[in-house]
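Line by line, the protein sequences give chains A and B.
Mapped onto the working numbering, the consecutive letters of the first sequence carry residue numbers 1 to 336.
Mapped onto the working numbering, the consecutive letters of the second sequence carry residue numbers 1001 to 1533.
Hints are computed from structural coordinates only; laboratory data are not their basis.
The C-beta atom is built at its ideal place from N, Cα and C for all residues, glycine as well.
A portion of the hints provided could be inaccurate.
[Unchecked claim] In the BS3-like style, the derived pairs of lysine-lysine whose C-alpha atoms are separated by at most 25 Å in a straight line are:
{"hint": "1", "chain 1": "A", "residue 1": "Lys108", "chain 2": "B", "residue 2": "Lys1022"}
{"hint": "2", "chain 1": "B", "residue 1": "Lys1007", "chain 2": "A", "residue 2": "Lys116"}
{"hint": "3", "chain 1": "B", "residue 1": "Lys1473", "chain 2": "A", "residue 2": "Lys116"}
{"hint": "4", "chain 1": "B", "residue 1": "Lys1137", "chain 2": "A", "residue 2": "Lys52"}
{"hint": "5", "chain 1": "A", "residue 1": "Lys294", "chain 2": "B", "residue 2": "Lys1321"}
{"hint": "6", "chain 1": "B", "residue 1": "Lys1246", "chain 2": "A", "residue 2": "Lys329"}
[As the list claims (entries may be wrong)] Facing chain B, a subset of chain A residues (Cβ under 10 Å, in silico):
{"hint": "7", "residue": "Asn2"}
{"hint": "8", "residue": "Ser40"}
{"hint": "9", "residue": "Trp74"}
{"hint": "10", "residue": "Arg101"}
{"hint": "11", "residue": "Asn106"}
{"hint": "12", "residue": "Leu117"}
{"hint": "13", "residue": "Gly120"}
{"hint": "14", "residue": "Val155"}
{"hint": "15", "residue": "Gln159"}
{"hint": "16", "residue": "Ala202"}
{"hint": "17", "residue": "Ser271"}
{"hint": "18", "residue": "Gly278"}
{"hint": "19", "residue": "Arg285"}
{"hint": "20", "residue": "Arg302"}
{"hint": "21", "residue": "Tyr309"}
{"hint": "22", "residue": "Asp322"}
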Amino acid sequence: MNIIFSLLTIAVLIVLAVLGAGTIKLDFLFGIIFPYAAVSVFIVGIISRVIKWAKSPVPFHIPTVAGQQKSLPWIKSSKLESPSSTPGVIGRMALEILLFRSLFRNTKSGLIDGQKLVYGSSKYLWLGAILFHWSLLVIFLRHFRLFMQPVPSFVLMLQNIDGFFQIGVPELYVTDILITAALLYLIYRRLADAKLRYISLASDYFPLFLILSIAATGILMRYFYRIDILKIKEFAVGLFSFHPSVPQGIGILFYIHLFLVCVLVSYFPFSKLLHMAGIFLTPTRNLANNSRMKRHVNPWNRPVRVHTYDEYEDEFRDKMEDSGLPVEKSNSLERN
Amino acid sequence: MSESKLKPEELAGNIKYEPKEKDWLDPSVEFKHGVFNYSGIPKNVEYLQQPNPRKWQPTDKDWQLPENWKQIILEGLRDRLHRFRSLQIFMDICVRCGACADKCHFFLGSGDPKNMPVLRAELLRSVYRNDFTLASKLFGKFSGSRELTVDVIKEWFYYFFQCTQCRRCSVFCPYGIDTAEITLLVRELLNLIGINIDWIITPVANSFRTGNHLGIQPHGFKDSIDFAVDELEQITGIKVDAPINKKGAEILFITPSADYFGTPHYYTLLGYLALFHEIGLDYTWSSYASEGGNFGSFISHDLMKSLNAKIYAEAKRLGVKWILGGECGHMWRVIHQYMDTLNGPADFLEVPVSPVTGTRFENTRSTKMVHICEFTADLIKNNKIKLDKSRNDHRKITFHDSCNPARALGLIEEPRYIIKNVCNNFFEMPENTIKEQTFCCGSGSGLGTDENFEMRMRGGLPRANAVKFVKEKHGVNFLGCICAIDKATLPPLIDYWVGGVDVGGVHELVGNALIMNGEKERTTDLRGEPFSE
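Model the full structure from these sequences, guided by the hints.
Here it is, written out as structure tokens:
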């Protein structure tokens, strides 16, 4: 059901774009209003979400460590898996954010003969995830050749690397292949693995299908239905420099692509895609394992009821004295 | 008195990791005997001034919740979202990638899909989405939202008391989402409407009143320690001194109460006593703070604080310089990650310095509490104690990393260094089951009851399986650990799944190997078992 709901949503969105931009010619709405609105929603949405997160304090110092602590000088500590200092934490976070360190640890468990548990290394999720995310970033950055004139040099460099194999005209970008393959794999594993099928919500399939549709329309425009790149650039530069003008005769494929991007961008702050921002703030990863070295302060540390020593001794004084335990206030004089 | 009649083959035989297609949003649980814990008894709930004390059991149809229970839970959730960034973030950013799914020992031992950490969290997240986000308003059920109902509450009780807060899933999560944090907060919420379990409530009440989980009063505590001193004298011929509540001692020693009341913990206690005597440590026990463990940490941050407060208070009253802590798991999570924040600053103490080696424990300079394994490893490294490894030759030893020392402290090499210096036969279990990837005993966080026997055996399956592996491969017959709950619950677990492997503490092994000045000729280990020829 969840997967059908997601697919249907995508279909409705595409129909909306075809009808809106194609049939009723709402070029201004689809070409100018939606992109600006989407980006505004994105920026305001993400900022307000991050503010919301930041407003909740981190009351306790709860890193999950994955390596040897720094204790005695002759025991080698694990500086990245159990960092005790800020540079170590930055290293750990960088590994997590750039290379998906924790996913790389992934294993797959199995039960043999109903008795023996076995664990094998399982890197496919890591591979699919890393190919997808890095390709997405490269593709996003590559698009700046459309937004900016002159094209920034890092974009040209990226383009050259991405088109390294120089296959076909226009030359094939490796990331186009990789992102499609990775997305297909990420969808496949949600369907093929019974556990994942069980946990997957519509909001898990939807972004995958959405991004896949965006990639597909992009690929169609570049390699199959060659569209007028100059017109698109004129339009994009206009948007980017806040002098927008409604593009003429670009074709419906472009509007579908653009509309789906708008949907993605505005969906972002209300969805699990927030993990992009949240990963920076997760207290089990971004704190150093120096809990006993440095006091962590809880801003709302609140008073609780305690059973004081005096109350304790009052209750047990006689028994303590009888058994020869020292006490603060002796009863023995009165009792004698 | 086990409630489970299932034989190991039967229990393991029906585990499947392929959940049937059924909507998990439907909250249905069945409280079969053997897989849940009994409720907190009203007397102790009342003593702790916790809400809604009453007689009830999870098998009852009516849980006698307060009339406005729903409002209490939702307001409690809102309040916690504002107070805990962890919770707010963990509610928002999970992508359900499933990396955690088969990392949980309860999932591996039961195959119940709601024991996948991701779904355990979704049980709460679905309510969060429903009442705190826009998504549910736009997409309804497709957003994975659901209404908070009494059945959801029952499901929470079932599954959040089927998590031992071991944090293994958090190691594998790309965002470090920590189910222990979610579990603790949900248990806190449930406790607001009077839902809790007796194996937590009663130890907390006892600890509050008498200083320890078992409710042992000061004279009983003294008797236990005195008895251990006598027993150690019989084994070694040396009468050691074990001062209690001694003002002006240099060090306060805190250890879980099971050490002086439970077996095999007791042999570790003998090990401590022998070691402290041998190095001439100026230390004291405390009857007021006669518990290192903190079952409060299994149910609420406030109760955790309330019990933990005794340690610093007692250190201050007795005027010690610093604190030494014995072998325990969750105790050390609380000491390492919470104590200083909750009840510090400990500015009346000094940065711990070993009186024997002069080593300054810089890693504890704020909290001022040293782990016994750090302390002993330093003694051995500096050749301050004489050890005869061969006295442990009758043991083929493996080491179970307890969850909290491994994943909260990163205390991984210290116990290994000690073990390797006190025995000749040490074998590691497979790498996916030790160190930061260690598997829980299956009975932590207050779930170690007889009535919960089947679920404990299920949860402990991955650990037992790894023990079985080294038993068959290397003939391992001793499972070392540094956690009181392990020492209590691994023996029945190993008996059930493996058999023929004893469980004991690292300092029991130290006590076996320790050559004491003036000792009589030793023929047995601390258990009274003869050394091998």
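Checked hints:
At most 25 Å may separate the alpha-carbon atoms for a hinted pair to count; Lys108 (chain A) and Lys1022 (chain B) meet this at roughly 23 Å. Proposed proximity of Lys1007 (chain B) and Lys116 (chain A) is supported: the alpha carbons are some 16 Å apart, at most 25 Å. With a C-alpha separation of about 14 Å, the suggested pairing of Lys1473 (chain B) with Lys116 (chain A) holds against the 25 Å cut-off. In summary, the hint linking Lys1137 (chain B) to Lys52 (chain A) is supported, as the alpha carbons are separated by about 20 Å, within the 25 Å threshold.
For the given pair, Lys294 (chain A) sits about 18 Å from Lys1321 (chain B) by alpha-carbon distance, which is consistent with the 25 Å threshold. For the suggested pair Lys1246 (chain B) and Lys329 (chain A), the alpha carbons sit about 15 Å apart, so the restraint of at most 25 Å is met. The restraint placing Asn2 (chain A) at the interface with chain B holds, with a minimum CB-CB distance near 7 Å, inside the 10 Å limit. Proximity of Ser40 (chain A) to chain B is violated relative to the hint, the smallest CB-CB distance being about 16 Å (cut-off 10 Å).
Because the smallest distance between the Cβ of Trp74 (chain A) and any Cβ of chain B comes to about 6 Å, under 10 Å, the interface hint for this residue holds. A least Cβ separation of about 8 Å between Arg101 (chain A) and chain B falls short of the 10 Å threshold, and the interface hint therefore holds. Hint status for Asn106 (chain A): holds, given a least beta-carbon distance of 5 Å to chain B, under 10 Å. Because the closest C-beta pair between Leu117 (chain A) and chain B is about 5 Å apart, less than 10 Å, the hint holds.
Annotation: interface hint on Gly120 (chain A) holds; nearest CB of chain B at approximately 9 Å, less than 10 Å. Evaluation of the Val155 (chain A) hint against chain B yields a violated restraint, the C-beta minimum of about 29 Å exceeding 10 Å. Because the beta carbon of Gln159 (chain A) sits about 29 Å from the nearest beta carbon in chain B, more than 10 Å, this interface hint is broken. A cut of 10 Å between beta carbons decides the hint on Ala202 (chain A): the least distance to chain B is about 4 Å, and the hint holds.
Look at Ser271 (chain A): its Cβ gets to within about 7 Å of chain B, closer than 10 Å, so that hint holds up. With a least beta-carbon distance of about 4 Å to chain B, the hint placing Gly278 (chain A) at the interface is held under the 10 Å criterion. Look at Arg285 (chain A): its Cβ gets to within about 4 Å of chain B, closer than 10 Å, so that hint holds up. At a threshold of 10 Å, the smallest CB-CB gap from Arg302 (chain A) to chain B is about 7 Å, leaving the interface hint in force.
Given hint, Tyr309 (chain A) at the interface with chain B, holds; its Cβ is 5 Å from that chain's nearest Cβ, closer than 10 Å. Because the smallest distance between the Cβ of Asp322 (chain A) and any Cβ of chain B comes to about 7 Å, under 10 Å, the interface hint for this residue holds.
Of the hints listed earlier, those the structure fails to meet are numbers 8, 14, 15, in rising order.
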